[in-house]
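Q: Here is how the chains run, residue by residue.
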Amino acid sequence: MPEDIFGYEHLMALRDAALEREATERRHLMSQVTIQYDAVNHRYIAQLHGLEYQFLPSIESNDVEIRHRVKEHLVLMYQRMERPHMPTTTTTTYDHFEYDTGTTSSTAEWPAFTIESAPPVVEAEDLQAPVFHMQQNMQEIEIRALRQLYPPDIFRQDFSIPPHLATRDYRMQVRDAISRVRRVEAACIAVDHMPTRLHVEMEAMLRPHLQQHEIRYIFRTDPDMPRGDISTVRTYLNALETIHDYRHERNQYALRREMFAGQQADYQQRVAMIRQRPVVPVDIDTQEILEVVSQWENVWGISVKTSDLNGELSEEHLFIRIGLCDIVMSESAQTTRYDYPADIRLAPFFFTIRLAPNGQFLCRSGGGNVRGLSRYEPGELAHDIHPHQLSDSPCFGSFGQTFVDMAVQGGMIALISGLIAFYSQYNSQDSAGVEATAWHPGNLRGIANTETYFDLLHSNLLNFAPYYVVDESKLEDAILRYDRYHLETRNNEAAPYRDDRYYCASCGEEDVSDDTEYYVAHDERICPGCWADHYCGDCERHQDDCICSHDDDRY
Amino acid sequence: MAEVLNIMRHESVFNPAEHPYPVHIIGAGATGSRIFAALIELGVTNISVYDPDVIEDHNLANQIYMAADVGEPKIKGCANFAQAKLGVDLANLPPTMNFYHRRVTGAYIAEGHVIGGVVFILTDTMESRKSIFDALMLRADRASSRSISGSGGVAMASAPLLIIETRMGSTHGSIFTINPFDKNARTAWLSTLVDDTNPDNIELSPCGTTLSVGTTASLIANYAVWQMMQFFVDPIGLQPQVDLFFKPTLTITSPAIIAA
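Quick mapping for you: the protein sequence lines, in order, are chains A and B.
Just so you know, the first sequence maps onto residues 11 to 565 in our numbering.
Just so you know, the second sequence maps onto residues 1197 to 1456 in our numbering.
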């Protein structure tokens, strides 16, 4: 432990003095801020020593409150320009004092303020982000691709089991049906050899165990079922039917087995080969991720760490938090359910990826892992930032498998790029995506307090991990841009209106809404006419993609 | 770390690095020892050899062992061959190369041994071959049922990929290649089993031992390895049963030979 030169109490005194100096300086700067109000554009323009800040408040904001906040924000901007940021590599905190035992600091000194200028892009200094080790497991990807090469029949039944086991359920039904017939015949014999005076009691005994028509047959009370001709009894007819079903199923199984057993055995063998192939270790260079992704146009910040699920730094999981801005979600459905395919801009937000060593990845919404302009908490930050981001994790839909495949291969940069593409779209044909209009400025309240919004996003990235790159000016500008966009769009553009009718994805003409008949292929509705003409009823694919073996041109 | 052979001469035909599956050789006799040698020369290192016997002097004529190996377990002789071929100490053989001085039985397999990969069944009796075969098929059945139903059973990772079994006479032999998941293939193989306790079904030397010719064993063993290679590289056309006859029957004298 480094030598305790100053002593704890002396250091606390130094800290208090520094805080007092800072507060005095802030009050002095606040008094020098000048603010003008532009009534035409409803914006406040603040100036301090040549530094200008423009703020567009929400319509319901209080003037006094706005002016105070504008002053605070401008003073903060001015101070950041003049002072370096707090080093993030030390473990020194304000709440409890710890000696830094790392290489970056050897004495417990209070960080000194200087007047040197600092860049708006904040990076963790003198740090190399770690390499994350994972096992590249391609098995599920390969098996999924393998399944496409075989007919679906081989996945419905195990043809390696003997026929008598495969038809076991049918044989049990036959046994039960024949038992019922014999029960009726036994009851007939018993009744025939019994004094007539006991028939009433006998009927009362049999009634809980036999059906009405069987009782009528046994006691000769139905002229349509004469005794001696059991073929008139439904019980007997049911038994014949089950025997017929069993024989049919047995023959069909034998045919299917002859057709598909070989292919199934071949498939099983290939699956075994895939399962027995050793996994390949992959190293993910998180420093490269930081350097590449932070340069992207829509990224205002990124931070990475390897830690366990409790947040303790370790190599167990890889966490990547990415801040996005200027994301415009566009309609991805071929046929929009709205009156027009609206492009809807999202306010700046961030999301978090968690990658396990086995390649499994998650994008949790809860626990502060996603934050942006909320739909259900108007003007505030929450995780419901996108129509497909409402539950505990995003509903990736058709993107999902692609993301899983990228993650198991360790392609994190590609995965992040794919997630940005996911956020840049909505599908109004989807049950969740149809709510995208709720994020249009006509339906969504704007940012209540841009300063608070900035601070929350900014701190959530900065404090998340020791390795980060954050472009503060980019984030600020993006928030302002969204504010302007929100105001202008709200005043000049109507939110898209949902048209609840569906149309065939194949011909685009036939109405296939909920109250009509339609088929579904790859989440798209197909009218009966197009289905009969162009789709295979067995594999449910378009005729161009059919994998079934057909003897003729029938599909 | 053991040096790996330079396989540039055949790497384009068969590259073992592209097929990193375990290979189990059950029986290190005439055929088994030569299969082991062929696999080493192909560059395969993930090999497990099982044999309970000791090398005797009469084994030198038809098996890969050297005079210095006499008295040692056959699996030790295999290890010595690998050591000499790869140019390393026994301690530096590839860690995936394992040698088991024991008899493999159905019960041994049921305990969880002989996991996955290609299995060469080269034991000395039909009864033992059937016992081993049945145990491996049971494992394949459990893995298969789980694969279809998605629940229970042994994982596919432990099921055998391919079974290769050979039989050999003095001048002929057969190689059987069985997909363990194919019931028809299994039935066909089971129908080929003969009663090897019946002396009418086996070739015996004048001293009462079974006949075994080294060159025949070499041909059968290498063809068996070729079956394995074809399974990995081009499984279409892989024949489940191959019968070979080697006895020369030159009856017409060639003029070229007369002239020489």
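It should be emphasised that the hints constitute simulated quantities derived from the structure, not laboratory data.
Glycine included, each C-beta is placed from N, C-alpha and C at the ideal position.
Any given hint could turn out to be false.
Stated by the list, open to error - Per the computed footprint, the stretches of chain B lying under chain A, defined by three or more beta-carbons under 8 Å from a beta-carbon of chain A, are:
| id | segment |
| --- | --- |
| 1 | 1353-1359 |
| 2 | 1373-1379 |
To be verified - Sample of chain B residues with no beta-carbon within 12 Å of chain A, all distances over it, derived:
| id | residue |
| --- | --- |
| 3 | G1225 |
| 4 | L1238 |
| 5 | N1242 |
| 6 | G1283 |
| 7 | I1311 |
| 8 | S1324 |
| 9 | M1333 |
| 10 | S1341 |
| 11 | S1343 |
| 12 | R1363 |
Q: Beyond 12 Å from chain A, beta-carbon-wise, is S1341 (chain B)?
A: For S1341 (chain B), whose nearest Cβ neighbour in chain A is about 6 Å away, the distance does not exceed 12 Å, so it is violated.
Q: Minimum Cβ separation between S1343 (chain B) and chain A greater than 12 Å?
A: violated, 6 Å
Q: Is it the case that R1363 (chain B) keeps its Cβ farther than 12 Å from each residue Cβ in chain A?
A: holds, 23 Å
Q: With a cut-off of 8 Å between beta carbons, are at least three residues of the segment 1373-1379 of chain B near chain A?
A: holds (count 5)
Q: The output says I1311 (chain B) does not contact chain A. Does that hold with a beta carbon cutoff of 12 Å?
A: Answer for I1311 (chain B): violated, closest chain A Cβ roughly 9 Å.
Q: Evaluate the condition: distance from the CB of L1238 (chain B) to the nearest CB of chain A exceeds 12 Å.
A: holds, 18 Å
Q: Is the nearest CB of chain A more than 12 Å from the CB of N1242 (chain B)?
A: The claim breaks: N1242 (chain B) does not keep its Cβ more than 12 Å from every Cβ of chain A (closest is about 9 Å).
Q: Measuring Cβ to Cβ, find out whether G1283 (chain B) lies farther than 12 Å from everything in chain A.
A: holds, 26 Å
Q: For G1225 (chain B), is the shortest beta carbon distance to chain A beyond 12 Å?
A: holds, 27 Å
Q: Would the non-interface assignment of S1324 (chain B) survive a Cβ cutoff of 12 Å against chain A?
A: holds, 24 Å
Q: Examine the segment 1353-1359 of chain B: at least three residues should have C-beta closer than 8 Å to a C-beta of chain A.
A: holds (count 5)
Q: With d taken as the least Cβ-Cβ distance between M1333 (chain B) and chain A, does d exceed 12 Å?
A: Check fails; 10 Å does not lie beyond 12 Å.
Checked against the numbered hints listed earlier, the structure breaks hints 5, 7, 9, 10, 11; every other hint is satisfied.
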